[in-house]
Structures are given as structure tokens and as C-alpha cells.
Amino acid sequence: MVTFVAISTKPLEDHPSLREPASEQTGAVVEFKGIVRREEAGSPIAALEYEAYQPMAETMMRRIAVELSAQHPCDHVIILHRIGIVPVGEAAIIIRATAKHRAEAFALVSSFMDRLKQDVPIWKVRGVPLSATIDSTPK
Amino acid sequence: MRVLLFAQIRQAMGTVSIELAIGEVDVAQFWQTLNTKHPVLAQYKSHVRLARNGEFVGNDARFTDTDEIALIPPVSGG
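Protein chains in written order, with my numbering: chain A, 315 to 453; chain B, 16 to 93.
For the record, the hints were derived by calculation from the structure and aren't laboratory data. Virtual Cβ for every residue (Gly too), placed ideally from N, Cα, C. Mixed in with the good hints, there may be bad ones.
The calculated lysine-lysine pairs, modelled on DSS-like cross-linking and capped at a C-alpha distance of 27 Å, are [stated by the list, open to error]:
#	chain 1	residue 1	chain 2	residue 2
1	A	LYS438	B	LYS60
2	A	LYS414	A	LYS324
3	A	LYS431	B	LYS52
Calculated from the model, a selection of chain B residues having no Cβ within reach of chain A, i.e. all distances over 10 Å [unchecked claim]:
#	residue
4	MET16
5	GLN26
6	MET28
7	GLY29
8	GLU34
9	ALA36
10	LYS52
11	HIS53
12	GLY69
13	GLY73
14	ASN74
15	ASP75
16	ASP82
17	VAL90
18	SER91
All chains should be modelled from the sequences, with the hints used to inform the complete structure.
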């Protein structure tokens, strides 16, 4: 299995890894996007701010994908997580799994998200209130 | 050793890392030293996991001054 993992301060939707065409062996492409919602903990927000222990988070995401692929064989997995300020409506995470059949790809993506929320050192550190001026420019 | 701080712990301490020179210690001695030098960190001990050089470790771990120790509060990515 080929795994691509990246943590970025830039919008994930534009990431070059997502433009690569599927191979002729691929019968299923399953993609999950975690999108920042307008409401966080009952209050309206303009954005969420994320931070990561980046080297460990990248290692953990790659390791989890490889472990899960033993149970749910996939050909290619792309995992992108954004950090810094993520405005409402934009993706905080994108995971895309390609496989010969849909069951493996769905299972890997779903299980990966469960493991991410247990073991990968990435945090939502705050909701940015609507009154704040958002600067999500990558630093 | 360098102790890395994240999320609410970083916010409470106002810094991303602190330096400790304590020789070779076990987990209990690590926390004892940390709490003595930085009492505000004591409140996090019960729900923080420790990572040494980028790998989670258990309570049987030992640390040296060349290690990088991260205090990992409950994660919330995605």
C-alpha cells in the first residue's frame, strides 16, 4: 500500500496529492472530509484553531493507516490534516482510500477516524469567535 | 531534557517547552520533579499521556536528559 501523509497550514482542498488519477486497478475511491461547522460547544464561531505535535502526528497517522490496511487492504491512502486557523466550511482533515472494492476502503476510512481521535497528537485549541478578524494565511 | 507542551497545557504555561536537568529518572520521579519546579502542571497528571522522542510510553518508562518528553493531553483532531 502507498500512503501519503501531510500536515499543512494551507487549505487541504487544493493539495496536489488529491489530483493524482486512480490506477486501473482501482474499483473504489472513498473520501472523508471533516469540515469546520458554524457551531462549536453551542456557540457560533468563525473558525477553529488546531495545533499538532507534528513529527509524532505524521508518524502516528502513517502507522495507523498501515496497521489498518492489514485488516482492510487498500492500494493507496492519502491523509491530510490542517493546522492553524481553519475557517468555517473548510476541511480540517481529508482522508481518501482507494481499493479494488468499496468495503475495504469504507472500513479503513471509518476506522482511521476512530483511531485519529484516540491517538494522534492534534488538538482543537479554540473556536475563533464571529467577532474576530480571521487571518488564516499560512505562517 | 526538553519537555514539550501542547494545547491547554501550553496555554497555561505560556511556553511551548521547558528544560529540565534531572539525570536518569522513572515516570514517578519525572512527575515529582516537574511538579516541584512547575506546580501548575500537577493538575494535568491524571489525564496526560507521556511520549518519549515521539513515541507513547507507559508508566514503566525511564527518561534521561537527552530525551524529548511530550505531555500529551486528550487529543481532538479531525
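Now for the hints, and whether the structure bears them out:
| no. | hint | in the structure |
| --- | --- | --- |
| 1 | LYS438/A / LYS60/B | holds (20 Å) |
| 2 | LYS414/A / LYS324/A | violated (31 Å) |
| 3 | LYS431/A / LYS52/B | violated (31 Å) |
| 4 | MET16 | holds (16 Å) |
| 5 | GLN26 | violated (7 Å) |
| 6 | MET28 | holds (14 Å) |
| 7 | GLY29 | holds (14 Å) |
| 8 | GLU34 | holds (18 Å) |
| 9 | ALA36 | holds (23 Å) |
| 10 | LYS52 | holds (22 Å) |
| 11 | HIS53 | holds (19 Å) |
| 12 | GLY69 | violated (4 Å) |
| 13 | GLY73 | holds (14 Å) |
| 14 | ASN74 | holds (17 Å) |
| 15 | ASP75 | holds (19 Å) |
| 16 | ASP82 | holds (14 Å) |
| 17 | VAL90 | violated (6 Å) |
| 18 | SER91 | violated (5 Å) |
The structure fails to meet hints 2, 3, 5, 12, 17, 18 from the earlier list, while all remaining hints are met.
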